[in-house]
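Protein chains: 2
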Amino acid sequence: MSDGRAAPVYGGESLLYLTDEQLRQGIEAMFFAYRGFTADPDRILADMHYGRAHHRAIHFINRAPGTTVNNLLSILGVTKQSLNRVLRTLIADGLVESRVGTADRRERHLYLTEAGRALETRLSDAQRARMRAAYREAGPEAVAGFRKVLEAMMDADMRRAYNRLKDGA
Amino acid sequence: MSDGRAAPVYGGESLLYLTDEQLRQGIEAMFFAYRGFTADPDRILADMHYGRAHHRAIHFINRAPGTTVNNLLSILGVTKQSLNRVLRTLIADGLVESRVGTADRRERHLYLTEAGRALETRLSDAQRARMRAAYREAGPEAVAGFRKVLEAMMDADMRRAYNRLKDGA
DNA sequence: CAGTTTACGTCAGCCTTGTTGACATTCCAA
DNA sequence: TTGGAATGTCAACAAGGCTGACGTAAACTG
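Chains P and Z are the protein sequences, given in the same order. One point on numbering: in the numbering used here, the residue at position 48 of the first sequence is 111, and numbering is uninterrupted. One point on numbering: in the numbering used here, the residue at position 75 of the second sequence is 138, and numbering is uninterrupted.
I should point out that these hints are in silico values taken from the structure, not numbers from a laboratory. Treat the hints loosely; a few may be bogus.
For chains that are exact copies, the list does not tell them apart, and a pair is met inside one copy or across any two.
Keeping only pairs whose Cα atoms sit at most 25 angstroms apart, straight-line, the calculated DMTMM-like set for lysine to aspartate or glutamate is [as the list claims (entries may be wrong)]:
| hint | residue 1 | residue 2 |
| --- | --- | --- |
| 1 | 211 | 200 |
| 2 | 143 | 170 |
| 3 | 143 | 160 |
| 4 | 143 | 105 |
| 5 | 143 | 167 |
In this text the structure is predicted, and so the values were computed from the model without any measurement.
Required output: the full structure, derived from the provided sequences and hints.
Printed below as a string of structure tokens:
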């Protein structure tokens, strides 16, 4: 590692895109882009007294209605205590509903209420607008590459969670 | 917004990559990938009692040695008070050196010490390793698209900061 | 049926990292 | 030379992560 300058050519194919400098730029691009990615919802959330954690919960509950607390936990990658704090406020504010499971009465299934869906729409409209503008500017081939690199960057279990959501499980 | 299904075709070119569902998947990809992106340095930092904020400071001081607190502030997008706390511990621990400006004695110029550079190398080696693996797996065209979309996703001033660093200013 | 495991909620306490407010120092321009 | 603007520091607070411990209900298992 820290090879300074990577081997420029291998098997006739240029590997210049793997130099430390290129990787460093990719790291910085990721950092700056993620800021933009969260900026619009953050602004909306700041007005109510919610944070990014609430947004994440709302997003994934909307994405997989009826999901259990445990499932949400593994998707978000936080502890149940941490999630619970957020969930408690969302339920108290009437944005999320928690229903006792029918098959397994230990489980709680989570749903957005009408108000919850309204907020979700507002948040994801803002986020999608930026995403759409970026996609349009970059074009379809760039988007395909974008997705490909992001998927390769995920941890194995996150990639599984991602694909499960993608395929609508 | 929230158009459900975007117009499928426009000017002979497919716009299917701009559907809400595609955008939603992009959002989730971004979320999961960012987790992977920070996971390796996070593990290293957890051992010492540092966090992600320390990593960011170290990264950008290494990237632009002699930068002022104010400049670092605008790159990181946090308040000076927040940055100061991190900086204070890094200076106390002998990883960062703060030199009073010669032209303007109000300014502090920041440099990594030998130990600071060592930690920076350790952290960025870990992060680059993942990045390199992802780049290699996705291939050069995908990487170009990845960068293109990320740049389009940045706020204008972040894009400027990004390009300034990229061009080694 | 008794005991164990699983799912969930909650309390308490800690740490990092964001925030605002108050303040010291330094520079610069009227 | 003096008052405002800019740079950076210290203090206090809040959000949201974390661990650990505990309680309850339901499901599973020998």
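Tested hints:
Proximity of residue 211 and residue 200 under a CA criterion of 25 angstroms is satisfied in both settings, with 18 angstroms inside one chain copy and 9 angstroms between copies. Taking the shortest alpha-carbon separations for residue 143 and residue 170, only the intra-copy value of 13 angstroms comes in at or below 25 angstroms, while the best inter-copy value is 45 angstroms. Proximity of residue 143 and residue 160 under a CA criterion of 25 angstroms is satisfied intra-copy only: 17 angstroms inside one chain copy versus 40 angstroms between copies. For a Cα distance limit of 25 angstroms, the shortest separation of residue 143 from residue 105 qualifies both inside one copy, at 23 angstroms, and across copies, at 20 angstroms.
Only within a single protomer do residue 143 and residue 167 lie at most 25 angstroms apart by alpha-carbon distance; the minimum there is 18 angstroms, versus 50 angstroms between protomers.
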